[in-house]
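Student: Sequence:
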Amino acid sequence: MIKHMKQFLVSVTFVLTILFPSSTLAAPSEYLLEEALLQQLHETIQSSLQTIYNEQLAQYKSARIVSINVRETSSKKDPNAHPVDAIHGQTYFEIIVHVVRTNDAYVELYLKNDTVSAKYYLDKFTRGADWGK
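Numbering (mature numbering (1 follows the signal peptide of the UniProt record, and there is no 0)), first residue to last: -26 to -1, 1 to 107.
Derived by calculation from the structure, the hints in this document are not laboratory data. Hints are supplied without guarantee of correctness; some may be wrong.
[As the list claims (entries may be wrong)] Keeping only pairs whose Cα atoms sit at most 25 Å apart, straight-line, the calculated PhoX-like set for lysine-lysine is:
(1) K98 <-> K86
(2) K35 <-> K93
(3) K98 <-> K35
(4) K86 <-> K35
[Claimed, not checked] Cβ-Cβ distance ranges computed for the label pairs, FRET-style:
(5) S41 <-> A79: 26 to 36 Å
(6) V74 <-> K98: 13 to 23 Å
(7) T100 <-> L11: 31 to 41 Å
(8) Q64 <-> L11: 12 to 22 Å
(9) K98 <-> H16: 15 to 25 Å
(10) N28 <-> Y84: 33 to 43 Å
(11) Q64 <-> Q33: 30 to 40 Å
(12) S3 <-> N28: 16 to 26 Å
(13) Q64 <-> L31: 17 to 27 Å
(14) Y27 <-> S3: 27 to 37 Å
Ideal placement from N, C-alpha and C gives every residue a C-beta, glycine not left out.
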């Protein structure tokens, strides 16, 4: 009986390892960091959804950070410089957040913090039906 139980557990572990490689599962600290950042972005997510859907109270089921990119503003003398409010030569972040609304609609928010205050704002968005286009 114990031998069969061990074989079963090894088989289940093997199948789970194949289905969910360790690179696809977030470590607990990564999960906590994502939750902490989403908590800080909550007000920005709420106001973005209110703007997009023209609602007084925008609600959502869940949010997930799918991408964080670090960018650097160009110096004023750089021919490739683009206008931003941040101090030139400083870093800023672009964060892509997937949001599932209470009606199961999906929206992808592109948030940036390239302003002097470094506060995040909605740069652009894509609704679920438009993803991948």
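Student: Determine which of the earlier numbered hints do not hold for this structure and return their numbers in increasing order.
Tutor: 5, 7, 10, 12 and 13
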